[in-house]
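Participant: These are the residues of each chain, in order.
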Amino acid sequence: MALQIDSDGTPSRKEFIYAVWDAIGKLYGEYGASLTSLMLIDYYMERKTAVIRTSLATVNMVKASLASITSIAGMDAAVHVLAISGTAKALEKKLNWS
Amino acid sequence: MQKRGGVTLKRVFADLHVCLSMNDSAATLRMISKTAKLGYRLIAAPLAPETNKEEVVKLRKACNEAKIDFASRIDLQPRTTNELMVQLRRLRRKFEIISVACDNKQVARQAAKDRRVDLLSFPFLDFRRRFFDRAEAELASNSLAALEFDMKPLLVLHGPARVRLLSSLRQEAAIAMKFHVPIIVSSGVAIEMLLRKPRDMAALACLFGLDENSALDAVSHIAHAIVKRNREKLGSGFVAPGIHIIREGKNR
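First to last, the protein sequences are chains A and B.
Taking this note's numbering, I'd label the letters of the first sequence as residues 680 to 777.
Taking this note's numbering, I'd label the letters of the second sequence as residues 32 to 283.
If you're looking for bench data, these hints aren't it; they were derived computationally from the structure.
Any given hint might turn out to be false.
As the list claims (entries may be wrong) - Short derived list, chain B residues pointing at chain A, Cβ under 10 Å:
| no. | residue |
| --- | --- |
| 1 | MET116 |
| 2 | VAL117 |
| 3 | LEU119 |
| 4 | MET182 |
| 5 | ALA192 |
| 6 | LEU196 |
| 7 | LEU197 |
| 8 | ALA221 |
| 9 | ARG230 |
| 10 | LEU235 |
| 11 | LEU238 |
These figures come from a predicted structure and were not determined experimentally.
Ideal Cβ positions, reconstructed from N, Cα and C, are used throughout, including at glycine.
Using the sequences plus the hints, can you model the full thing?
Facilitator: Rendered as structure tokens:
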């Protein structure tokens with residue numbers, strides 16, 4: 680899942696993934712979060728994009744959680760899903776990332 | 032993408048509740064361009080009853096420049112059924128979308144059965160005044176009113192308040208689906224940062240029990256259908272549903 684972070688500042692990798700886990704935890708609890716197998720694959724600080732991996736069964740849960748993020752590290756923020764794909768290679772192709 | 036009759040149709044997304052600040056044109060333009068960037072092709076903004084045509088034309092022009100369509104909307108907040116009737120009579124032909132904020136049961140029931148009402152909305156913090164029950168749904172199913180859910184409270188509330196809201200929304204969505212009352216999902220925000228992509232809105236809608244297709248319909252087809260229906264009605268050639276004046280002949 681490729682994500683675009685929309686915020687005034689630039690959150691660090693750690694702050695971003697903490698916000699994602701926090702959102703999932705708040706919406707679905709620790710049990711729900713454990714089902715997602717969420718992992719941050721790449722984080723591009725300069726262009727404020729990220730690639731995360733999650734299990735197929737919980738894609739909608741993760742999407743809803745990402746949409747519920749309103750701040751990252753105290754800064755107003757939003758996380759938009761750019762693209763979803765089955766493999767990292769297909770995702771990069773979809774977004775023309777090199 | 033959705034398949035209809037073997038043809039793949041691309042969804043055209045709409046947000047029928049974007050709050051634009053009429054006093055701050057720069058902020059308005061920013062909101063419009065942001066909604067366009069997020070993938071919406073139709074937005075509606077609540078306007079004041081005394082809004083003149085020039086202001087609507089100006090907003091429509093700004094939206095057209097961002098390649099999105101604009102629909103005028105008014106949010107009525109009547110205290111009595113009489114007040115509702117008076118406001119509907121006065122404003123129905125002025126605005127493309129009429130939403131009624133149902134603050135009491137009498138108003139909610141009247142709004143649900145009146146065919147001039149497009150959207151029913153309920154207070155999101157006062158759970159005792161959310162009157163969308165089976166009786167309300169039955170009335171709404173016989174008229175044209177849709178149930179509107181704003182996503183803003185889901186984003187700004189936290190903890191028990193959000194839990195309570197989700198529970199109410201889930202119950203109301205189940206009742207609406209049972210009685211075939213259309214559901215609209217809109218943002219209801221005035222801040223750019225709270226705007227979400229249509230598919231993210233649909234993902235949020237899944238939180239209260241809508242399946243993926245219904246959630247996507249709530250941010251696309253249903254919203255478009257309301258605007259299309261009302262534009263037809265407000266057009267000069269409209270006589271009755273299904274009857275239009277195509278050409279006028281000369282009197283002999």
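Participant: Take the hints in turn and mark each one as holding or not.
Facilitator: Outcome of the hint check:
1. Because the beta carbon of B/MET116 sits about 39 Å from the nearest beta carbon in chain A, more than 10 Å, this interface hint is broken.
2. At its closest, the beta carbon of B/VAL117 sits 39 Å from a beta carbon of chain A; the interface hint therefore is violated under the 10 Å criterion.
3. A distance limit of 10 Å between C-beta atoms decides the matter here; for B/LEU119 the minimum to chain A is near 35 Å, and the interface restraint is violated.
4. This hint holds: B/MET182 has a C-beta 8 Å from the nearest C-beta of chain A, less than the 10 Å allowed.
5. Hint on B/ALA192 is violated. Least Cβ distance to chain A is approximately 12 Å, over the 10 Å limit.
6. For B/LEU196, the interface hint is violated, the least distance from its beta-carbon to any beta-carbon of chain A being 12 Å, above 10 Å.
7. With its C-beta approaching chain A no nearer than about 9 Å, B/LEU197 sits inside the 10 Å limit, and its interface hint holds.
8. Checking B/ALA221 against chain A: minimum C-beta separation of about 13 Å lies over 10 Å; hint violated.
9. This hint holds: B/ARG230 has a C-beta 7 Å from the nearest C-beta of chain A, less than the 10 Å allowed.
10. Because the closest C-beta pair between B/LEU235 and chain A is about 5 Å apart, less than 10 Å, the hint holds.
11. Nearest Cβ of chain A to the Cβ of B/LEU238: about 5 Å, under the 10 Å cut. The hint holds.
Taken one by one, the earlier hints fail for this structure at numbers 1, 2, 3, 5, 6 and 8, listed in ascending order.
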